[in-house]
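So the sequence lines, in the order shown, correspond to chains A and B. Going by our numbering, the first residue of the first sequence is number 1, and it counts up by one from there. Going by our numbering, the first residue of the second sequence is number 672, and it counts up by one from there.
Please note that the accuracy of each hint is not assured.
[Stated by the list, open to error] Here are the computed lysine-lysine pairs in the DSSO-like style, where the Cα-Cα straight-line distance is at most 27 angstroms:
#: 1; chain 1: A; residue 1: K535; chain 2: B; residue 2: K749
#: 2; chain 1: A; residue 1: K535; chain 2: A; residue 2: K524
#: 3; chain 1: B; residue 1: K749; chain 2: A; residue 2: K524
#: 4; chain 1: B; residue 1: K749; chain 2: B; residue 2: K692
Read the hints as simulated data drawn from the structure, not as lab findings.
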Amino acid sequence: MTGELGRTLILAGLLLATVGSLAGFAVGRRPSPLGWAWTRRLAYGYGAAMAAANLVMVYALLAHDFSVSYVAHVGSRQVPTWVTVTSLWSSLEGSILFWGLVLGAYVAAASYLNRDSHPEYMPFAVGVWLACGAFFSFLLAGPAQPFLTLPQPPPDGPGPNPLLQNHVLMVIHPPFLYLGYVGMTIPFGLASAALIAGRLGHDFVRPLRTWLLLPWIFQTVAIVLGGWWAYEVLGWGGYWAWDPVENASLLPWLTATAALHSAILTERKGILKGWTTTLVMATFLLTILGTFMTRSGVFNSVHSFTQSAIGPTILVFLAAAMVFSVALLALRVDLLVPEGRIEDPRSRDAMFLLNNLLFVLLTFTVLIGTVFPLLVEALRGVQMSVGRPYFDRMAVPIGTALLFLMGVGPALPWGRATGQQARAALAAPLAGAAALALLGLALGVRHPWTLLTLAFGGYTAQVTLSELWLPVRQRMKAHGEGLGRALIETERRGRRRVGAYVVHAGAVLVIIAIAVSSTLGTSKEVVLRQGESTKLGAYTLTFVTTDTVNEPHRTSLVARVAVSRNGVELGTLSPRMNQYENQREAIGTPAVRTSLTEDLYLSIMNVDPERGTLGLLALVNPMVGWIWIATAVMALGGVVALLPPPRAREGRLRAAPPAPVADYGAVETSR
Amino acid sequence: MAALVAAAIALAVITVGGIGKNLVYYWGPAEIQAAGPRAVGATIRLGGLVVPDSVRYGEGASGLEFDVSDGKTRVHVKSRGVPPQMFREGIGVVVEGTITSAGSFESQRLMVSHNNEYRAPGDPYKADVKRLISTTRGLEGEAVGESR
Numbered sequence: 001m002t003g004e005l006g007r008t009l010i011l012a013g014l015l016l017a018t019v020g021s022l023a024g025f026a027v028g029r030r031p032s033p034l035g036w037a038w039t040r041r042l043a044y045g046y047g048a049a050m051a052a053a054n055l056v057m058v059y060a061l062l063a064h065d066f067s068v069s070y071v072a073h074v075g076s077r078q079v080p081t082w083v084t085v086t087s088l089w090s091s092l093e094g095s096i097l098f099w100g101l102v103l104g105a106y107v108a109a110a111s112y113l114n115r116d117s118h119p120e121y122m123p124f125a126v127g128v129w130l131a132c133g134a135f136f137s138f139l140l141a142g143p144a145q146p147f148l149t150l151p152q153p154p155p156d157g158p159g160p161n162p163l164l165q166n167h168v169l170m171v172i173h174p175p176f177l178y179l180g181y182v183g184m185t186i187p188f189g190l191a192s193a194a195l196i197a198g199r200l201g202h203d204f205v206r207p208l209r210t211w212l213l214l215p216w217i218f219q220t221v222a223i224v225l226g227g228w229w230a231y232e233v234l235g236w237g238g239y240w241a242w243d244p245v246e247n248a249s250l251l252p253w254l255t256a257t258a259a260l261h262s263a264i265l266t267e268r269k270g271i272l273k274g275w276t277t278t279l280v281m282a283t284f285l286l287t288i289l290g291t292f293m294t295r296s297g298v299f300n301s302v303h304s305f306t307q308s309a310i311g312p313t314i315l316v317f318l319a320a321a322m323v324f325s326v327a328l329l330a331l332r333v334d335l336l337v338p339e340g341r342i343e344d345p346r347s348r349d350a351m352f353l354l355n356n357l358l359f360v361l362l363t364f365t366v367l368i369g370t371v372f373p374l375l376v377e378a379l380r381g382v383q384m385s386v387g388r389p390y391f392d393r394m395a396v397p398i399g400t401a402l403l404f405l406m407g408v409g410p411a412l413p414w415g416r417a418t419g420q421q422a423r424a425a426l427a428a429p430l431a432g433a434a435a436l437a438l439l440g441l442a443l444g445v446r447h448p449w450t451l452l453t454l455a456f457g458g459y460t461a462q463v464t465l466s467e468l469w470l471p472v473r474q475r476m477k478a479h480g481e482g483l484g485r486a487l488i489e490t491e492r493r494g495r496r497r498v499g500a501y502v503v504h505a506g507a508v509l510v511i512i513a514i515a516v517s518s519t520l521g522t523s524k525e526v527v528l529r530q531g532e533s534t535k536l537g538a539y540t541l542t543f544v545t546t547d548t549v550n551e552p553h554r555t556s557l558v559a560r561v562a563v564s565r566n567g568v569e570l571g572t573l574s575p576r577m578n579q580y581e582n583q584r585e586a587i588g589t590p591a592v593r594t595s596l597t598e599d600l601y602l603s604i605m606n607v608d609p610e611r612g613t614l615g616l617l618a619l620v621n622p623m624v625g626w627i628w629i630a631t632a633v634m635a636l637g638g639v640v641a642l643l644p645p646p647r648a649r650e651g652r653l654r655a656a657p658p659a660p661v662a663d664y665g666a667v668e669t670s671r
Numbered sequence: 672m673a674a675l676v677a678a679a680i681a682l683a684v685i686t687v688g689g690i691g692k693n694l695v696y697y698w699g700p701a702e703i704q705a706a707g708p709r710a711v712g713a714t715i716r717l718g719g720l721v722v723p724d725s726v727r728y729g730e731g732a733s734g735l736e737f738d739v740s741d742g743k744t745r746v747h748v749k750s751r752g753v754p755p756q757m758f759r760e761g762i763g764v765v766v767e768g769t770i771t772s773a774g775s776f777e778s779q780r781l782m783v784s785h786n787n788e789y790r791a792p793g794d795p796y797k798a799d800v801k802r803l804i805s806t807t808r809g810l811e812g813e814a815v816g817e818s819r
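Could you put the whole structure together from the sequences, leaning on the hints where they help?
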């Protein structure tokens, strides 16, 4: 019964998306207000069908209705309720169903909010979005059916993968990732629509930028949450391993970040139109490639659920989307002519271009390292992987250069600068560079790349903070405003600008924290008897005892390790090994003691009851906590940049035709 | 335009060169034996079953030695670090490291296969080594040494 209802809703979604997509394209070709209204209604209908199908699945999971195939596959009576709800996205079919929910919500929201903006191409955009919706509904109706009815339902299910029920972050990370990943469909549709309609005037990137920035914020948070989850669960002591799955989440982020920057040049000067569109389309294609890599079982990881028939289907969709994108760009190449040009290599404009080249370079190196093993296996049947040193060697120099550029670009003026102006602007932040590098030296940093990162970080931090501070100070002087008033007014009057620099400030902090944590840590593996101690840096670790903790869904072996630092007792850390119901393998949970300067990280390697020994992996990871904090800063900056400017909002209240939400009013003023 | 092409070629050379130096090969004991001295120095992920009665523990965290087999060929492995909880005789393992010229495998990382297929009681050696390697989870991360 539940299964039938679910299947019906998915078929309804497939029908609504298909008809809506066709309607969108028809209305785009022959505009009609009535047709446009019905296209939007079909988009809302698709969103509603997907939401209802997801509700039915959550109901089936909570009711432990094992006649539904997906519930029999991932459900279990033993697991806590929060695990049951998150089981929705813990395996293949459910994750595609959840994808449908997020896509439906995005499509419905974007159709509603853009109902009055850019009528010359918006129906095409809805047509493209719903075509993607139709594809994912097709997956749910065919190769990845979650709602099959089992004739003989099992009395209980195995529960989701224990790695996925081991930490609360698994509740937050996947929704953020989907909101980022799936959201990239919206800018793809907008870019395609502008190309189809041939409307590539000055302002076509405005809605594009808004709808790119929104999923970009989610994606930024999701990537870091994934790293945080790995850090808190996998127990090897790090947060990033250049695993194909991690790379799959990073690649579209890189191109989206590049596109957010090139869109500024397109908006200001009418240049790089084709380039910005290409980056937006590449971002979408990379999300589909990432979905293929993580959902088809070509790579083994916690994300690759099963070897499934879904892989080839996604590959066909990827190929079709790629042909569609390339053909559109080729057909419209004559409309993509620049309306201006970059006048001076010593300008901020030129630095934007360099920023884009570096982001694309980084995308290529990560992409090649990720797909190379697949190509070799397909062509020569040889199995291999690309080791971490490749990624580190390529990404560290490019990342460091980007950090420096993030300071150089904003320091230079728009347009053109004389040699003297450029030198003066670039010399001032050297103070910040020297300060941070000297601080590092004083604290004992000797690693050359880390020192360079600190110097560039100091340079960029000074530029960023003075860009944030200068307008505040000017307001205080010119209008006699107090500090608080001036801060609020500056933010209100230049949200995009303020938001962008807050994102930059967060990014500087993230990069420094990554450099410091990956080069200045210490670690060791030891085997300890009860009562025995070991030293790691300033810490003394004493193995006290082991306990067994029983919970309904798991039995845990907990090691109690007393920690002291320079002779001061800091209490007990309790890394654990968890044996889950219905699962053969034991899974560890490391214990992490976080402070603002460093983390102490303990992970059980093994416990030998006969010999009474504990095999322990212990690490001191400096500054890791700052990665999480700085990511929150980046997200905050993104949200500020996304907020509509106050003038447009007031205008919206007064004026008869509501201003489109995507319309940001004036572009930021140049310095 | 010419500069762009030159830059693209330079990039291709750098990346392919960088990849070539950092490949990790997935091999079984038979392939290591077949490669002989050519395998020395390359980073290899070796998969197989831990031969019963071949495991010797050393002092503390170091000095674990055992043989890995695919049923026909054996490779002697010297492992650094503390073995994971599941490690025992007869279980499928994947070790990452290099072959020394003396013919023994110096492992930097040891992973136990969580794959049930590898524990079929009937014929434990009927193991597809490649599948073992590619389905063993947890090889993420870096080798752990005294300090990084």
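Structure-based check of all given hints:
no.	hint	in the structure
1	A:K535 to B:K749	holds (26 angstroms)
2	A:K535 to A:K524	holds (9 angstroms)
3	B:K749 to A:K524	holds (18 angstroms)
4	B:K749 to B:K692	holds (24 angstroms)
No hint from the list above goes unmet by this structure.
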